[in-house]
Amino acid sequence: MHRFLRAYPTESKLLAVLLILCAGLSIASPDFLTLVNFTSLLNNNAVNVIWAVGLLVVLIAGGIDISFAVAASVVQYLCVYALVAIGGGNWAIGFLFAGGFGLALGLINAFLIHQFRIISIVVTISTFNAFFGLLMFFSSGRFLYNLPSWWSNRVILWEYQTANGTWAELILPVLVMAICMAATWILIRRTTTGRQLYAFGDNPEGARRAGIPIGLMQAIAFGWCGMMAGIGGLMQAHITKEVIPNALVGRELEVLAAVVLGGARLGGGRGSVLGCFLGVLLVAITQNGLNLLGVSPYAFKMVVGIIILLAISTSNLDPAKWFAKGGKV
Amino acid sequence: MPADAPPVDALRFSGIAKIFGGVKALDDVSFTVGAGEVHCLAGENGCGKSTLIKIVTGVYQPEPGARMQIFGQDYAQISPTQARKAGIAVIWQDLALFAEMTVAENIAFETMLGNRPRGVSYSRLRTAAASALARLDVDLDLDARLGDLPIAQRQIVAIARALVSDARLIFMDEPTASLTQSETDALLSVVRTLSARGVAVVFVSHRLAEVLEISSRVTVLRDGKLVGVYPTEGMTQSRLTELMTGSSFAQDVMARDPTGSDVLRVDDLSRAGEYEGVSFTLRGGEVLGLTGLIGAGRTELCHTLFGMTPADRGRISLNGRELNLSSNRDAVAEGIAYVSEDRLALGLIQPQSISDNTVLAVLRRITGGVGLLSGQKQEATVAHWMAELAVKIGKPADAVSTLSGGNQQRVVLAKWLATQPKVLLLDCPTVGVDVGARAGIFRIVRQLAEKGLAILLVSDEVPEVYMNADRVLHMAGGRIVAEWDPRRTGLSEMEAAVYA
Ligand SMILES: Nc1ncnc2c1ncn2[C@@H]1O[C@H](COP(=O)(O)OP(=O)(O)OP(=O)(O)O)[C@@H](O)[C@H]1O
Ligand SMILES: [Mg+2]
Chain A
1 MHRFLRAYPT ESKLLAVLLI LCAGLSIASP DFLTLVNFTS LLNNNAVNVI WAVGLLVVLI
61 AGGIDISFAV AASVVQYLCV YALVAIGGGN WAIGFLFAGG FGLALGLINA FLIHQFRIIS
121 IVVTISTFNA FFGLLMFFSS GRFLYNLPSW WSNRVILWEY QTANGTWAEL ILPVLVMAIC
181 MAATWILIRR TTTGRQLYAF GDNPEGARRA GIPIGLMQAI AFGWCGMMAG IGGLMQAHIT
241 KEVIPNALVG RELEVLAAVV LGGARLGGGR GSVLGCFLGV LLVAITQNGL NLLGVSPYAF
301 KMVVGIIILL AISTSNLDPA KWFAKGGKV
Chain B
1 MPADAPPVDA LRFSGIAKIF GGVKALDDVS FTVGAGEVHC LAGENGCGKS TLIKIVTGVY
61 QPEPGARMQI FGQDYAQISP TQARKAGIAV IWQDLALFAE MTVAENIAFE TMLGNRPRGV
121 SYSRLRTAAA SALARLDVDL DLDARLGDLP IAQRQIVAIA RALVSDARLI FMDEPTASLT
181 QSETDALLSV VRTLSARGVA VVFVSHRLAE VLEISSRVTV LRDGKLVGVY PTEGMTQSRL
241 TELMTGSSFA QDVMARDPTG SDVLRVDDLS RAGEYEGVSF TLRGGEVLGL TGLIGAGRTE
301 LCHTLFGMTP ADRGRISLNG RELNLSSNRD AVAEGIAYVS EDRLALGLIQ PQSISDNTVL
361 AVLRRITGGV GLLSGQKQEA TVAHWMAELA VKIGKPADAV STLSGGNQQR VVLAKWLATQ
421 PKVLLLDCPT VGVDVGARAG IFRIVRQLAE KGLAILLVSD EVPEVYMNAD RVLHMAGGRI
481 VAEWDPRRTG LSEMEAAVYA
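Line order of the protein sequences matches chains A and B. The first sequence begins at 1 in our numbering and counts up one residue at a time. The second sequence begins at 1 in our numbering and counts up one residue at a time.
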């Protein structure tokens, strides 16, 4: 326990805050601590978590990606056209296309950053605009409803009728979220490549001197983020059953905030999958709670903003110290 | 290879040149290291030692015309990965460690390299790290975040990292700069063991006694040019200094009786776990030495005097008035300046320019009429201090990180002297500074004292305080245990007490 607190100070703090928040909301609203509410929280936030773990890898490597949400929209359009062109496809082909297109868009970012030595925020703001402009131009802002039926038919993994007759269910995106989290965890914690990503984000010059290939690191980080963006896009369209060109713009900042809340550092070298999950959940549960309490939705963003400020301003409190025996750790 | 053939040299480099923005950092240098040899690389700050190491290890590419051979194999070009595969490991002068990673991961970082992804075994990592630390005979918490360690322990991590790999040639760029005597001794004995096992070591240090003790040959550079390669057998410190600088420095004990009145008075100052019941007075024009082993509480005491940490008990007064410092801002406003021992983290903002770093603490003084920064005043201030301290720089606009280690230390000094302080706290001001420059820095310290400044000189090198201070305090276990006058107490007596 002490070891966990030490290795994951931010995550432990976040978990504590989350538990307190949940306890408070369960007392304040009878609808909060219900199976239905929790499953729908998971269903509604699975896509954000998928994007968050993708973005996490970029942040760990010391970069930032503003373009991934728009990239997800581009992937949705490309997938619809490509799937229609091959006669419909199935889930396997859908994942392949979504992941592949997303990877390609991510690699464009990596290429620009590495080849021209431009910082990632500038590159991804440019590609954000380029992707979005091209998408609006070629789609003329039209919605697409002609999704193949395997894609738009809701896949329910598990359901359960509660005592008062309402249904609690978990849908496909939750499973995909779990797989993406596991894959990202293995990549960053369990492979040498992942540890090189941390090292590169932490001290690029030190990493270079150790012979870590810088270009490859950028490609892996932004490629992974792009792939997660594509898969998230596929899941998003599965939930909404339609593709709208400007539906995802703006989501990048929401996800970025959650990832930073979860302990990733904008300077690189720090962050965890658990932190991403908790960060997304904290924002979601706060909004959920405000909703249940009947607070105006216009206040949500303000409250979320305050939470982020509080989290960042207390980020140098170290919970490991509170539990350490005899003062200094 | 037949058993009686002579072993191949670890390195044979010749015709090495490197130009940075038109300035020749290295000019036609040859460098040869025998197998299993301990070879020293000596020269003043900025003479090109670190640059030479970076060329050998593929971090920089030399100008065309270089001939490079590592363990008998010729290379047209070297990359860091090739150098590592050829069996070269480096302890970098700036450490090049990863602050967010744990001690274990930093030490065993080598095991995580390579382009093909592999699984990471944290238990293997810890075992490798622990055994490297055991060879150095030190005990560090393997799970601590590296960025939380003090500089001396980070240095040890960097050393241990070079021992993890099965290197046949290890470069050590000023590995002892922030180590205490006992840690240095442990390192030197590791170097001897390595050498006996056939591992060649290239050792860089500005502590000439160490250089002569450990190495069999020394290559001397001056201003990027090769002066020569000399056997250390029969070499003396003064001869080596002469080779490095082209002139000689004789030094006498500088102590005299200060004439000024009491400036800084510390009464019964204590802070739990750091120092206990510290009292002393520091007079204007006095250089007060403070020595002791690392961990004796010297740096912690300085931090309190500079307002960075509050004392639990006791009083600090300046010119008879009690001070209540709640931050280092207050301390600067009162005329206290602090030159930190940890130049990489605390002293300088590495990516910013030399000029901006120099004026960082005096921004208010260089403003023009409407309160905006005046470029002219900044330029004048910077030019004045660069000349005063003889800092070897290209342009004031260059990033501080491009300076050699010793010149960075002078920029730190310039930054604080520009604040025109009344009390100057110097915490190991000569870490990584060459002999010539040390003499220069102490000459400046003396001049400042003569102008009436009260100076506290902290150092873990007893000869340094012995030579340069008027009075010496010995701190051990957080307490001041002795006070000496260098004119009455000999160096060997002091050393015996401190290193006991
Ligand atoms: N990346 C760089 N860009 C520009 N100039 C550089 C760079 N690296 C080194 N130099 C210059 O090259 C010269 C040699 O520097 P180097 O770091 O090799 O000195 P050094 O012998 O290691 O000195 P020290 O003992 O102070 O560490 C210095 O004048 C330095 O300013
Ligand atoms: Mg150097």
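If you are wondering where the hints come from, they were derived from the structure by calculation, not from laboratory data. Ideal Cβ positions, reconstructed from N, Cα and C, are used throughout, including at glycine. Take the hints with a grain of salt, since some may be wrong.
To be verified - Where chain B lies over chain A, by a calculated footprint (3+ residues, C-beta under 8 Å): (1) 32–46; (2) 186–193; (3) 285–294.
Stated by the list, open to error - Away from chain B, derived, C-beta distances all over 10 Å, residues of chain A: (4) 96; (5) 114; (6) 144.
Each hint tested on the structure:
no.	hint	in the structure
1	32–46	violated (count 0)
2	186–193	holds (count 5)
3	285–294	violated (count 0)
4	96	holds (21 Å)
5	114	holds (16 Å)
6	144	holds (37 Å)
Violation of the numbered hints given earlier is confined to hints 1 and 3; the remaining hints are satisfied by the structure.
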